[in-house]
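Chemist: Now for the letters of each chain:
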Amino acid sequence: MEIKSLVTIRKKIKELEHQLTEAKDTIEAIRMGQIDALVVNSKEGHRLYTLETADVAYRVFIEKMTEGAVSLNSSGTIIYSNSKFASMVESPLAKVIGSTFVDFIAEDERSTFLNVFSKEWTEDGKREISLRARGTKIPVQLSINSLDLDVETSLNIIITDLTFQKSTQKILKEKNEQLEALNEALARSNDDLQQFASVASHDLQEPLRKIQVFSQFLKDRSFGELSDAAKQYVEKIILSANRMKTLIVDILTYSRLSAEESNFESVRLRSICEEIIEDFDLCISEKKAVIELGDLPSVDANKGQLRQVFNNLISNALKFTTPGVHPLITIQAKKINAAELGLSLPEEERYCRVSIKDNGIGFDERYAASIFSLFEKLNPKSSYEGSGIGLAIAKKIIDKHQGIIIAKSNEGAGSEFNIILPLKQ
Amino acid sequence: MRTKKVILVEDDPDDRDLFVIFYSDRKDIDLLPSVRNGIELINYLQNISSEKELPDLIVLDQNMPVMNGKQTLGYLKSNDRFSKIPAVVYSTYADSRLIIECTRLGANMVAVKPIDNDGYQKMMDDFLQVL
Amino acid sequence: MGVRVENGEVGYVLKLFVSGASPNSIRAINNLKAICNSYIKENYQLEIIDVYQESDVAQKEQIVALPMLIKKFPLPERKLIGDMSNTQKVLDGLGLKKLSSTKDGD
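Residue numbers (the numbering used here), protein chains in the order written: chain A, 1 to 425; chain B, 1001 to 1131; chain C, 2001 to 2106.
Just so you know, these hints were derived from the structure itself, not from any lab.
Bear in mind the structure is a predicted one, so any value in this text is a computation, not a measurement.
Cβ coordinates follow ideal geometry from the N, Cα and C atoms, glycine included.
This list has only true hints and no planted wrong ones.
Examples of chain C residues lying across from chain A (beta carbon under 10 Å, computed):
id, residue
1, Val2018
2, Pro2023
3, Ser2025
4, Gln2062
5, Leu2066
6, Lys2079
7, Lys2089
8, Asp2092
9, Gly2093
Whole structure, please, built from the sequences with the hints as guidance.
Modeler: Given below as structure tokens:
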């Protein structure tokens, strides 16, 4: 029993020694300035007493902030300000602290601020306002938080300078205005272009009508005096003039349609091709060309425009022929076979494919895409006539029909144009 | 039927010739000497003292220098003395806008210039019908 | 490593109570982590509790001053107050003995 109690006492002493060490260490730590806060357990619970050094980090943090920071007491007096705020309002720090915050707000916005000021004590929030700096106004955002401290409630405000943001907005606004002006200019120049197309085609029609009138006149009044060959030429003049009239009207219609809604009707592709082949009759017999026309479907299209497409493609096929070879042009509907054409086309059955293939000079496959650009001519001007606009027009029309036009060729081995069009618009 | 006095206002000499060529044989019209633009027409009309001498039909080309067809038409229809004379406009191209504008101004008809004899005869028939 | 771990089987469970980002608290975190990594690497579990943010957790412990380290395990529970700059004291508190070959950096 005695031995046991001795053991207990020793144990107790050891424990007390340990507690003493802990207490000594604590006192030493406090003395050495190694602690930041003391904790007291009072009736209200756990209270923290921060030592002088403890909030240094926050003080430095707030002081170094690129935003202004102030604390206001309940009467709106600044009880704390960081230097940034003082420099924002261009006043010495000593003058700022103790001032009324509203004095730093631009005069014409003070009443607004005072109206909301009372509310902010219960509701945290953000608002934009202007500060009064020497001579100028600074747009700022206020982030307002009320903080319940032991002594009294204070209102903490972070003030963010919006000058840069506002000037960025201003620049953005200016850029937008410039863009608008450019768009207007573009619209104007589009209008001008439209006007030009319209005037040009109108003006072309006057001399053309003269050709029509006088060739017809020749036919009506002096046909008997002409040789058989001359009669044929007169007929060709009339046909060509009529054809030109159609083309001019088509271009005019097209230039108008580019600004308007397209009106689609069911168009028989085969009859369009037949008409065009008839137009090229002279050229076909001259070149001893053969045109094979397969069964072609009907599609929803603008007839004049689609006619222009086939006209341009057939005309090209007749133009770029291989010397010494009878031109052979095949126009036929084909299975779409998207993979072969390098396309991905969902719902293939909604589309048709028309192939226009010739045995002419072809073109370098490298230019397969660029031949559809305006005024792109791959062949030397001397040997082949043409405006260079035909394929561009064709592509534009096919685009307007939600279709695709693809050119395939090997130089010297003919070319093939594939038109893929939706059957229904 | 009394022959109608028709005056052509046309700057293009070919088109003036065509009127003579195609219409000189017609018995129902009396082709007055053509004038070259709206101003000449107004001068011509103002020099006519007797109402009976005024033309029965004025055919205006649209595309003319000095005063085009539409402008001439506008003037005629605002003039008490000449507004009752039937007037038509013809042009190489007659789009819907030209037709609408001229009809609003009081044109009896707007026509596209024909290219052959049949066209010319039919156009004149149409003109005379609306008198 | 010149340390003999008294209980090699079970790791250390440590709680460090701090008062935000105040200087001694920051120092304490840095020092303690360095000591743990050198002496009981991967054999400890350290929780750092900001008394401002988690006053409930702090409430349960008998905290006198901050920063304060509590060794919850292995028993007996030990407390150490200060910035943990005296490595020997920290090792003592953790119940670790330092071999004489390693010099105390304090």
